[in-house]
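Asks: So you can see what is in the structure, the chains are spelled out below.
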Amino acid sequence: NAGVTQTPKFQVLKTGQSMTLQCAQDMNHEYMSWYRQDPGMGLRLIHYSVGAGITDQGEVPNGYNVSRSTTEDFPLRLLSAAPSQTSVYFCASRAGNTIYFGEGSWLTVV
Amino acid sequence: GDSVTQMEGPVTLSEEAFLTINCTYTATGYPSLFWYVQYPGEGLQLLLKATKADDKGSNKGFEATYRKETTSFHLEKGSVQVSDSAVYFCALSSGGTSYGKLTFGQGTILTVHP
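Residue numbers (the numbering used here), protein chains in the order written: chain A, 1 to 110; chain B, 111 to 224.
These aren't lab readings, by the way, just hints derived from the structure by calculation. Hints should not be assumed to be uniformly reliable.
Among the chain A residues that face chain B by a calculated CB cut under 8 angstroms, a handful are [as the list claims (entries may be wrong)]:
id, residue
1, Pro8
2, Val12
3, Leu13
4, Ser33
5, Met41
6, Gly42
7, Val60
8, Tyr64
9, Phe90
10, Asn97
11, Glu103
Below are the DMTMM-like pairs computed for lysine to aspartate or glutamate, each with C-alpha atoms no more than 25 angstroms apart in a straight line [as the list claims (entries may be wrong)]:
id, chain 1, residue 1, chain 2, residue 2
12, B, Lys162, A, Glu30
13, B, Lys170, A, Glu30
14, B, Lys178, B, Asp165
15, B, Lys166, B, Asp112
16, B, Lys170, B, Asp194
17, B, Lys187, B, Asp164
18, B, Lys170, B, Glu152
19, B, Lys170, B, Glu118
20, A, Lys9, B, Glu152
Example chain A residues on the side facing chain B (calculated, C-beta under 7 angstroms, incomplete) [unchecked claim]:
id, residue
21, Gly40
22, Leu43
23, Gly51
24, Ile99
25, Phe101
Just so you know, even glycine gets a beta-carbon here, dropped at the ideal spot from N, CA and C.
Using the sequences and the hints given, assemble the complete structure.
Replies: Set out below in structure tokens:
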């Protein structure tokens with residue numbers, strides 16, 4: 001049981017490039033979400049999904065896209081990276097009222 | 111909307127000192143409350159939780175009690191260790207359409223010296 005798996009762990013992008021952060025969970029959780037963590041601001045919700053085919057925006061969705069074609073996977077796409085998207089990204093899935101986090105993806109946009 | 115306020119950090123303590131990290135919240139209804147811990151270079155781990163008023167969550171010597179009357183969920187530990195050095199996040203999860211979405215405090219950095 002791997003839990004919530006994120007890839008890549010570290011990534012450096014140039015401004016304007018696109019990339020996808022991958023997230024997979026093997027716990028058959030319906031609810032998945034993406035957060036970004038910035039110094040002094042805690043974690044902020046980017047997008048979330050309550051099941052395959054259903055996604056919705058969180059607190060800071062601009063510049064990010066998501067899709068949920070399967071229960072297991074919830075990728076986060078940056079269409080045109082900006083330096084303001086330099087952050088640590090966490091994927092999470094929920095069971096009951098407990099949320100499990102992946103180990104994080106450190107993204108730097110230069 | 112929902113919000114969580116944690117005490118300002120960083121907090122620096124000597125080993126075996128008593129720890130309190132304050133957390134207050136604003137939410138509609140009856141949220142579940144959590145403390146998460148993040149060790150250097152790692153993701154967030156659930157430390158403890160409480161789902162209704164007067165519940166006490168506990169784990170690894172840490173405790174927090176859900177106080178609805180004061181809308182608080184302060185984290186305490188009687189004797190901290192160097193290995194407790196980490197960032198601690200208070201969070202809440204409301205029910206209804208926002209069920210499962212966490213609202214986080216800004217985090218409190220704890221450093222414990224030998």
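Asks: Could you work out which of the previously given hints the structure breaks and list their numbers from low to high?
Replies: The structure conflicts with hints 1, 2, 3, 7, 8, 13, 23, although it agrees with all the remaining ones.
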